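Participant: As a plain string of letters, each chain reads:
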Amino acid sequence: MIDNHILAPIFVQLFTAIAQLMFWRKTVTQRFLSVGGSIIGLLVAIRLFTRVQADGILTMNAANWDAPFGIVFVADAFSATLVLLTSIAGVAVSLFSSVSLSRQRMLYGYFPIFHFLIMGLQGAFLTGDIFNLYVFFEVIIISSFVLMTLGGRKAQLEGAVKYMAMNILASMFFLTGIGILYGITGTLNMADLALKIQLVQNKTLVGITSCFFIIGFGIKSAVFPLYYWLPSSYHTPPSAVAATFGGLLTKVGIYALIRVLSLIFIPDDFTRTLLMGIAVMTIITGAFGALIKTNVRRLFSYLIVCHIGFMVGGIAMFTKIALMGTVFYLIHDIMVKTNMFLIAGLIRQLRGTLDMGKLGGLYRDYPKISLMIAIVLFSLVGIPPLSGFWPKIFLFQGAFEMHHYFFAAALIIGSFITLYVIAKMWSQVFWKNPPQEDLLDDRFAPMRPYRKLLMVLPILILGVVTLYVGLNAEAIINITDKISSQLMDNSEYIEAVLGDKTN
Amino acid sequence: MKSAILQTATRYLLPILLLFSFFLLLRGHYYPGGGFVGGLVASIAFVLHSFANGTASTMKILRYKPLSLIPIGLAISTLSVVAPLLLGLPPMTGLWFEEPIPVIGMIGSALFFDLGVYLVVIGVVLTILFTIALEQ
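If you're matching them up, the sequences are chains A and B in order.
Taking our numbering, I'd label the letters of the first sequence as residues 1 to 503.
Taking our numbering, I'd label the letters of the second sequence as residues 1 to 136.
Because the hints were derived from the structure by calculation, they are not lab data.
Please note that a few of the clues may not be correct.
Under the rule of at most 25 Å between Cα atoms (straight-line distance), these lysine-lysine pairs were calculated in the PhoX-like manner [said to hold, decoys possible]:
#: 1; chain 1: A; residue 1: Lys320; chain 2: A; residue 2: Lys424
#: 2; chain 1: A; residue 1: Lys424; chain 2: A; residue 2: Lys293
#: 3; chain 1: A; residue 1: Lys26; chain 2: B; residue 2: Lys60
#: 4; chain 1: A; residue 1: Lys26; chain 2: B; residue 2: Lys65
#: 5; chain 1: A; residue 1: Lys358; chain 2: A; residue 2: Lys368
#: 6; chain 1: A; residue 1: Lys432; chain 2: A; residue 2: Lys358
Model, not experiment: these values are computed from the prediction.
Sequences and hints are given; from them, build the entire structure.
Facilitator: Given below as structure tokens:
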């Protein structure tokens, strides 16, 4: 069904960014515009989500050029859900950054760039054209380079160089893959590619091309041999930036991987084994990396890597149950990981450091905030009935059905190490008494009440969404069920894009 | 660099280059040219002026900061992209006036998109160059 308004989430972010550029250096106006724009973006995303739920897949042919020739934008259940989650995370991060960032960073255009980043994310989720996907990836990484280097401290630049080098490499792989794909099929429309790729005689070439995409998206989503840029760069920018990166950027890689594998390169045995090996190693290395870290944000960075492995494992099995697990985990992970980095930012405001050795006594001083954080941490670990628990059921079920016992073992190890690491962090940061009381630098207590509220509110919003995902799991399972049926059987997507021209 | 020849030449070249950049902008829809190239030529005109007379005097003839051109250009482009939505057409659809206008020719939403690109390119190039020039 054609709906010309599915690009509204992109345009809202774009107009917000333009309006903020007009108020260059007026940081107070920019803050109000940012929060206002994010809230409008959320409302628009909710509208898109309900329309997709009611009417099925929506498409839009840009500039009125028909599907395989023009650029087409598609909102199916999967992309509409991710647009909605991104918008929720966007509201939370823009609230949090309005009080937590230094004025210096805001003066150099933090807010417009942040909205360009969110625009790129929404575009990547909504596009139905593989080259357009590449363009939106570029929008995302260029904005993220700026956000990462803004402030220009030495550690930040060091992290940014690693981040930039790896991401440019990923883009090169992705672009080369697109080039070969266009060479062998003559089309860039993903639905059209799904049909044309079946007619290609040279299956080896198709397999090699799929490897280009897996490497490109693998670097972006930080899987096993290619993940090391992530823990060495995500702890350097301010927490509001790290929350956007940790919560959303790696997940775009997973989204693109699912999209490409479900439409174009339906996984064969080789791809499945490759992805499964990657998944198991990602979980193990991420988990063991998290074990030895003493800085809260570095620890969270390794947990991102570990949990990316859960999702890649689900993709590797590529059954309906396993994909339900992956999609549910994606929903849970975007909300929780964004929140984790916001929490790290809050801890930094409360104590002035993120070194677990120097931290302590948060539960004694701030019991209410600590209890709220505890719920988020429990969700991350996956204590039933919170949100991290449900996707693991599906992943286990998928693993046992397909007899992937290594993956099931890795899931168990990954979950237990997450539990151990989070428990250790809880006892170090919240329960034990701080070793040197006088060294603590509490920047939170002297703040004015409305600023305190603005710091805690985003964590509360994301926490409530996480609780909803966990406690009302039936609704989410229905959505993931719909998403994974659309992913397993791509004929609905192809028909929505190409109409009756398929036969 | 103070050179009488360059200064005198620039006095004539600046308007000619600006006119040429506008010509490139207008012919861009069907022929080589367009907002990006036009914007580059226009910014080169100002760069030439700043070589001859110094950055400070170029900023004086511009009157506004080049940075302020970026949001204006982006806004014009984006508005031309979303304008078709008001008529129930998909974004980016070309809308055209029915009668050609003398000298300029056919006017459509694509021209406004290019005009936006033109302004953004001037804004970005001059912002970058002026920042580097004033650092020294």
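Participant: If a hint holds in the structure, say so; if it does not, say that too.
Facilitator: Going down the list of hints, with the structure as the test:
no.	hint	in the structure
1	A:Lys320 with A:Lys424	36 Å, violated
2	A:Lys424 with A:Lys293	11 Å, holds
3	A:Lys26 with B:Lys60	24 Å, holds
4	A:Lys26 with B:Lys65	16 Å, holds
5	A:Lys358 with A:Lys368	21 Å, holds
6	A:Lys432 with A:Lys358	10 Å, holds
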